[in-house]
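Asks: Okay, here's what each chain looks like letter by letter:
Protein chains: 2
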Amino acid sequence: MRMGDKKVYDISMTIEPSMPVYKNREELRPEISVISDFKKNQVYQSSISMNLHTGTHIDAPLHMIEGGESADQLSLEQLYKHCKVLDLSGVDDGITDNDLKKTGLKIEEDDFILLKTRNSFRDNPGEDFIFLKSSGADYFLERGISGVGIDSLGIERAQPGHPTHRSLLSKRVVLLEGLRLKGIEEGEYQLVLLPLKIKGVEALPARAFLLSI
Amino acid sequence: MRMGDKKVYDISMTIEPSMPVYKNREELRPEISVISDFKKNQVYQSSISMNLHTGTHIDAPLHMIEGGESADQLSLEQLYKHCKVLDLSGVDDGITDNDLKKTGLKIEEDDFILLKTRNSFRDNPGEDFIFLKSSGADYFLERGISGVGIDSLGIERAQPGHPTHRSLLSKRVVLLEGLRLKGIEEGEYQLVLLPLKIKGVEALPARAFLLSI
Chain A
629 MRMGDKKVYD ISMTIEPSMP VYKNREELRP EISVISDFKK NQVYQSSISM NLHTGTHIDA
689 PLHMIEGGES ADQLSLEQLY KHCKVLDLSG VDDGITDNDL KKTGLKIEED DFILLKTRNS
749 FRDNPGEDFI FLKSSGADYF LERGISGVGI DSLGIERAQP GHPTHRSLLS KRVVLLEGLR
809 LKGIEEGEYQ LVLLPLKIKG VEALPARAFL LSI
Chain B
629 MRMGDKKVYD ISMTIEPSMP VYKNREELRP EISVISDFKK NQVYQSSISM NLHTGTHIDA
689 PLHMIEGGES ADQLSLEQLY KHCKVLDLSG VDDGITDNDL KKTGLKIEED DFILLKTRNS
749 FRDNPGEDFI FLKSSGADYF LERGISGVGI DSLGIERAQP GHPTHRSLLS KRVVLLEGLR
809 LKGIEEGEYQ LVLLPLKIKG VEALPARAFL LSI
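Protein chains in written order, with this note's numbering: chain A, 629 to 841; chain B, 629 to 841.
No lab work stands behind these hints, which were simulated from the structure alone. Zero decoy hints are in this set.
Derived lysine-lysine pairs resembling BS3-like cross-links, with alpha carbons at most 30 Å apart:
| no. | chain 1 | residue 1 | chain 2 | residue 2 |
| --- | --- | --- | --- | --- |
| 1 | A | 634 | B | 827 |
| 2 | B | 810 | B | 729 |
| 3 | B | 634 | A | 635 |
| 4 | A | 634 | A | 810 |
| 5 | A | 635 | B | 799 |
Construct the complete structure from the given sequences, taking the supplied hints into account.
Replies: Dropping the structure here:
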């Protein structure tokens, strides 16, 4: 897709009942109900019931930190900014500090980083998705990044105490989960990330696009 | 709020149980449920159940036209574009073609028009909200606009057969409802409008911002 002189990439997951859900847990599947259709009315109308961590979404401090900020307190400056996509599709299991040191792009203060992994090449990353290990999270914190996104429904798995989430969220780093980055090359882009505005919650479903810069 | 040299205006409604709902119908109130909290777990997690016409949202042809396009088929080019805010806060009841002829901004082909009315100055526009009359919709169609937004939860009320919705949606004009335009002056802006990506439905909850240009 193009918009003027820019290329546009939709990096959001499609929300539908058959979509991938975190660790394939059936209770996390969204439900869409048709309330009114053309058989009985002039109007077609539906509703949705979903976990706030469904599909592409952001996590705020409240997700893991008691008394932490809720997701509606994030500003457009934190969400609509230049970002760097790192190609980590060679990584097995989890991304470490050493993996991040080897990438082609320099990681700098206030960066919003998107991690492209093997998850983007699987229809459903399932239970053994590639994630960000705590040493990778610590490396990002040393550099002072402002946000990090990944192409799985969780930025973390199999780490007791959730150190990746906790360390990043305690420093108010925006976490963006559930990206689709298959066709996106390593490089710099404009991130256009707009979450719903639901009051007082720990996570917000969002739509995300990248624009070429 | 500022972003670089641009002013940023959030024109989205806050989604919460006590928010205004269409014609104050209690069954349209969103429900937020806490699934896990810090009393029992290390993780806070919640879910939402809501009508897809809750708060700021777009309507697609399928809402009123059998076999019409669903809302996920809209492209970023249709949603992320220059827009014109028209100040119609002097209008009582409904906006007619004559009201639109008197506004200070010229309405041109492919315009995305936002209608600022008295609704924006009321905490809850309730059942007698200002709306777009069918003569106003016809005027927009003659000019070939691509989208129209309004600061009520419906662009129409009290018109048998829903002629405003039907005529605009049959020409694939994007309808944007549930805006908050109180602090926005008449003029031109960049609209940043991102709906959720839910497959096959007639409407999508969205977040919308204006940027100064």
